[in-house]
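Asks: Each chain is listed here by its residues.
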Amino acid sequence: MRFWLLMLGGLLIWAAHFMGLYLLSSASDVARDDAGAWNGAGLVFSMICLIAIAGLCWRCIVWLRMKPTDETRAFGLRLAVAGGLLGGIGVVFQTLVLVAPV
Amino acid sequence: MSSETGFDPELYKRFPTTEARPEGELEQLEEVWCGPRRPWEWITAINNNYIGVYYVGAAMLFFVLAGVLALLMRTQLALPMTGFLAQETYNQIFTMHGTVMMFLFAVPAVEALGVLLLPQMLGARDLPFPRLSAYAFWAYLVGGLCFFASLFFGLAPNGGWFMYPPLTSTTYSPGINADFWLLGIGFIEISAIAGAIEIIVGVLKTRAPGMTLDKLPIFAWAMLIFACMIIIAFPSIILSTLLLELERALGWPFFDAAKGGDPMLWQHLFWFFGHPEVYIIFLPAAGAMSTLIPAVAQTKLVGYRLVVLAMLATGFISFGVWAHHMFTTGMPQISINYFSAASMAVSVPAGVQVFAWIATLAAGKMRFNTPGLFAVGGLVIFVMGGLTGVMVAMVPFDWQAHDSYFIVAHLHYVLIGGMVFPLFAAIYYWTPMSSSRPLSERWGKWIFWLMFVGHNLTFMPMHLTGLMGMPRRVYTYLPDRGWDLPNMISTVGSFMFGLAVLLWVVDMVRNFRPFGNKDAGNVFGGPGLEWLPSGRYSLRSVPVIKSLYPVWDQPDLARDVEAGRYFLPGAPRGERETMITSPINAEPQYLQRMPRPSSWYVWGAIFTAGFFLILTIQAYLVSVISGVLAIYCILKWCWGLDRPSGPATVDVGGGVRLPTYVSGPSSHGWWAMVITLIVSGMVAIMACFSYVFLWSRRPDLWQAPPEIGSLPLTLGLLAAAGVGAWASQGALKLDRPRSAGIAAVLMLAATLAAGGAFAAEASAWWNSGLRPDASSQGATVYALLAWQGTFVGISLLMGPFVLLRWLCGLVSSRYPATFEVVALFVAFTAVQGAATTLLIRLFPGVGA
Chain H
0 MRFWLLMLGG LLIWAAHFMG LYLLSSASDV ARDDAGAWNG AGLVFSMICL
50 IAIAGLCWRC IVWLRMKPTD ETRAFGLRLA VAGGLLGGIG VVFQTLVLVA
100 PV
Chain R
0 MSSETGFDPE LYKRFPTTEA RPEGELEQLE EVWCGPRRPW EWITAINNNY
50 IGVYYVGAAM LFFVLAGVLA LLMRTQLALP MTGFLAQETY NQIFTMHGTV
100 MMFLFAVPAV EALGVLLLPQ MLGARDLPFP RLSAYAFWAY LVGGLCFFAS
150 LFFGLAPNGG WFMYPPLTST TYSPGINADF WLLGIGFIEI SAIAGAIEII
200 VGVLKTRAPG MTLDKLPIFA WAMLIFACMI IIAFPSIILS TLLLELERAL
250 GWPFFDAAKG GDPMLWQHLF WFFGHPEVYI IFLPAAGAMS TLIPAVAQTK
300 LVGYRLVVLA MLATGFISFG VWAHHMFTTG MPQISINYFS AASMAVSVPA
350 GVQVFAWIAT LAAGKMRFNT PGLFAVGGLV IFVMGGLTGV MVAMVPFDWQ
400 AHDSYFIVAH LHYVLIGGMV FPLFAAIYYW TPMSSSRPLS ERWGKWIFWL
450 MFVGHNLTFM PMHLTGLMGM PRRVYTYLPD RGWDLPNMIS TVGSFMFGLA
500 VLLWVVDMVR NFRPFGNKDA GNVFGGPGLE WLPSGRYSLR SVPVIKSLYP
550 VWDQPDLARD VEAGRYFLPG APRGERETMI TSPINAEPQY LQRMPRPSSW
600 YVWGAIFTAG FFLILTIQAY LVSVISGVLA IYCILKWCWG LDRPSGPATV
650 DVGGGVRLPT YVSGPSSHGW WAMVITLIVS GMVAIMACFS YVFLWSRRPD
700 LWQAPPEIGS LPLTLGLLAA AGVGAWASQG ALKLDRPRSA GIAAVLMLAA
750 TLAAGGAFAA EASAWWNSGL RPDASSQGAT VYALLAWQGT FVGISLLMGP
800 FVLLRWLCGL VSSRYPATFE VVALFVAFTA VQGAATTLLI RLFPGVGA
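Residue numbers (numbering that gives the first Met the number 0), protein chains in the order written: chain H, 0 to 101; chain R, 0 to 847.
Simulated from the structure, these hints should not be mistaken for lab results. Treat the numbers as computed from the prediction; the structure is a model and nothing was measured. Where is the CB? At the ideal position from N, CA and C, for every residue including glycine. Some hints here could point you the wrong way.
As the list claims (entries may be wrong) - Just a sample of chain R residues kept apart from chain H, beta carbon distances all over 12 Å, derived:
1. Tyr-163
2. Lys-214
3. Gly-534
4. Arg-558
As the list claims (entries may be wrong) - Cut-off 20 Å, straight-line C-alpha distance, at most; resulting in silico cross-link-like pairs (DMTMM-like, lysine to aspartate or glutamate):
5. Lys-12(R) / Asp-650(R)
6. Lys-12(R) / Asp-28(H)
7. Lys-545(R) / Glu-9(R)
8. Lys-258(R) / Asp-650(R)
9. Lys-66(H) / Glu-561(R)
10. Lys-214(R) / Asp-33(H)
11. Lys-12(R) / Asp-772(R)
12. Lys-214(R) / Glu-29(R)
13. Lys-517(R) / Glu-3(R)
14. Lys-299(R) / Asp-552(R)
15. Lys-545(R) / Glu-70(H)
16. Lys-214(R) / Glu-30(R)
17. Lys-66(H) / Glu-3(R)
18. Lys-517(R) / Glu-29(R)
19. Lys-214(R) / Asp-69(H)
20. Lys-545(R) / Glu-3(R)
21. Lys-545(R) / Asp-28(H)
22. Lys-545(R) / Asp-213(R)
23. Lys-517(R) / Glu-561(R)
24. Lys-299(R) / Glu-70(H)
25. Lys-12(R) / Glu-29(R)
26. Lys-12(R) / Glu-561(R)
27. Lys-12(R) / Glu-70(H)
28. Lys-12(R) / Asp-555(R)
29. Lys-545(R) / Glu-561(R)
30. Lys-12(R) / Asp-559(R)
31. Lys-635(R) / Glu-40(R)
As the list claims (entries may be wrong) - Which stretches of chain R does chain H cover? Using the computed rule of at least three CB atoms under 8 Å from a CB of chain H, they are:
32. 300 to 308
33. 313 to 326
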């Protein structure tokens, strides 16, 4: 299970980020409060997701630098790094919606 | 390689073995895996070599039928104001065209490819649940044909393939047409989910030893992701069809705004399924492209890892774009923007795959044979469709293009380019694996060019007609709007396309010869295991895999496999068997005993289809009888599980001994139940979303829940059910003289506790005065209760089933797998019940 979570970690964080932002914007719509506070929460959440992705990528890069002899593990780590980068780009792209003027 | 399960990888060095195989071993293998001998055995067959061909054939039949409907539509639209089809007939035809193409052709076709190809590709003897495959196929075929036949009675659904309420509510669709769609599609989804469970467990648990994840064929990756997407996405359509049917039949107002419902709920639920659905259709076809392009170009796929990542990313991101079908519905701007951003992002992984294909073709030596032509043609068409997809991801553009023929053009470019052309490429490429004759290359080229030109003639003008304002789903149009000529060109193109398909059918009749004792061989020089010599038992022996392209990189593989020099060269117990291996490193774990054909799953499928379809015509008693018979057949099917047989371990070759029985989290049955429960959990989650969503629309309609004092009783009984189920399988494992009896009684008690909890909660809500047809709160509360009630009902069947098995001496500590999965189900029922009870009792709470 750990192997799968690691390998898919970046994409899972992206998915959680997307759902989180959507839930926050939906809650903002229902509460009909000042959207600024909800957007702020969204930004904080996005930062947390980016930090998580960065941490995941860094850890995987450290393990890859130890040159694992297990090819399957190396495959999983490379996929984890690439998935993390892709997920990170996705998180940034989605977060731009929060900061760009509507 | 470090071990995942404790299996010593040094044992692989014993293979290929050198000693001669015993006399009669191959003959015994052939006898055990024999094909149908009597006429009815063609119906009860469960081997994937038969079911796979049946499945592909049925899917292509529905493709042809839906294609004929398209030709009828194009005939109607060739000229303005023709009277070829009446308006109501046209409505039924375009609805059926979309519905049959999406539900009865596209998903089953790619699933069928998986059923046919995966065991051979993975080095397995068959899929892990062959009777489930057969059940899924027959339910699909019988149900699909009955559903299509509704056209001939004027009862076909007529609300578009996505059936939006309020158009499809009883006010505007009073007939049973919509019910055909709702009930017909509902059980077809069950069939698809059964196939998905099969594929997930097959890809992860039945691979040849040494086929680690980094050596997993790209098609297998695609099928794995496809199946996981089905598990997450399809529950949404199952729920939405149930809710709309409840509204139509019983007046529960999920989508009726007058009573607090919201038609937007349908759109969210439908498109949460509907958008992943198109990627569910695309990914296996992309996997096929990534497999046959290297073969056609005779070089390895460029960027295997990136293509795997791209497919995974497609799978994930596709769940974040559903509301791009709803840009014009008045959603909050910021939500729309999220979906617009994700919709642009989803094109990136698709682009990665396209560039990988182009790079592979450039790196190799492209041969323009028929599979190659269809692959390249599909790539061109898909890219064009993808470009218009990014256009409509821009909200302002979509506001102009939505519901116009521009969208029709876009969706046909991506679906035909991304799925139909790759499917035809796959058919031409893999037919020699199943048939003693390949299809004709000469005819294939004609078919390709007719199809390619026909497709572009049909759908390219639709971009123009759409931008000129022609709406979708109109049965005719006025002259002199500038739409006449493009529509005529589209019609001409569609008949070219139809001619191509007709020629393909003729080519199949002339050349496709399955089920024989020999196949046409590796005509296109493919590198995968499916091209090794094989029989109905798949490979004579299961090789140790050292490469992603075993036929290319391990030159003596075919000879050694055929000589039985690898794993499982025979049938060690004289039965049908396949090896179960671990999910990451494919280390041998145990030998799975596989079933022989019988008739219970066929009858079960027929009665399941009957239950749903007869409900449609409101013959309730007959429908209930059919349902009861379906349950009886399924219980008879399950009665034979966990029978003792043979020694505890056997030699599977090279002196390697494997257990013949495993229970618990390593067993394939456990995995299947866990996946089934994920499906169920997703339905519950979507139902909870529906509850919260409808509250957010009309919080003023929400009344207080029942008194809090009644809650501990419900939760207490559910806790007892969960603990009882868990304790029962713990008791069985103790292996004392009375363990089996205690376990069976505990299980029965657990199911009764779950039943008691349900009765307590349902009566609490009924006594509170809330009624399901009164408001959206009533509808969603009773829908959640009904879902839980279904699980309780199944548990109450399982309890006595387990007790009866114990009384017949079939419950044993040595063979606990069936008992464990029942315990899993009952425990899940308890947890689901607790979660949904807490939601409806505590949110939004008293006085909210």
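Asks: Hey, Lys-545(R) versus Glu-9(R), does the alpha-carbon distance stay inside 20 Å?
Replies: Status holds; Cα separation ~13 Å.
Asks: Are Lys-517(R) and Glu-3(R) close enough, with their CA atoms no more than 20 Å apart?
Replies: It is violated: about 38 Å lies between the C-alpha atoms, which goes past 20 Å.
Asks: Given the hint that Lys-12(R) pairs with Asp-555(R), does the C-alpha gap stay at or below 20 Å?
Replies: Roughly 15 Å separates the two Cα atoms, so the pair holds.
Asks: Does the structure keep Lys-214(R) and Glu-29(R) at a Cα separation of 20 Å or less?
Replies: Cα-Cα ~29 Å, so violated.
Asks: For the pair supplied as a hint, Lys-66(H) and Glu-561(R), is the alpha-carbon distance within the 20 Å limit?
Replies: violated (38 Å)
Asks: Between Lys-299(R) and Asp-552(R), is the straight-line Cα distance small enough, at 20 Å or below?
Replies: Measuring from Cα to Cα gives roughly 11 Å; hence the hint holds.
Asks: Run the distance test for Lys-12(R) versus Glu-70(H): straight-line Cα separation, threshold 20 Å.
Replies: Cα-Cα ~18 Å, so holds.
Asks: Check the hint pairing Lys-214(R) with Asp-33(H) against an upper bound of 20 Å on the C-alpha distance.
Replies: With Cα atoms ~53 Å apart, Lys-214(R) and Asp-33(H) exceed 20 Å; violated.
Asks: If you draw a straight line from the CA of Lys-258(R) to the CA of Asp-650(R), is it 20 Å or shorter?
Replies: Measuring from Cα to Cα gives roughly 67 Å; hence the hint is violated.
Asks: Starting from Lys-635(R), check that the Cα of Glu-40(R) is at most 20 Å away, please.
Replies: With Cα atoms ~19 Å apart, Lys-635(R) and Glu-40(R) stay inside 20 Å; holds.
Asks: Taking 8 Å as the C-beta cutoff, is the stated coverage of the region 300 to 308 of chain R by chain H satisfied by three or more residues?
Replies: Answer holds; 4 residues pass the 8 Å Cβ test.
Asks: Between Lys-12(R) and Asp-650(R), is the straight-line Cα distance small enough, at 20 Å or below?
Replies: holds (16 Å)
The structure is inconsistent with the numbered hints 2, 6, 8, 9, 10, 11, 12, 13, 16, 21 and 25, although it conforms to all the rest.
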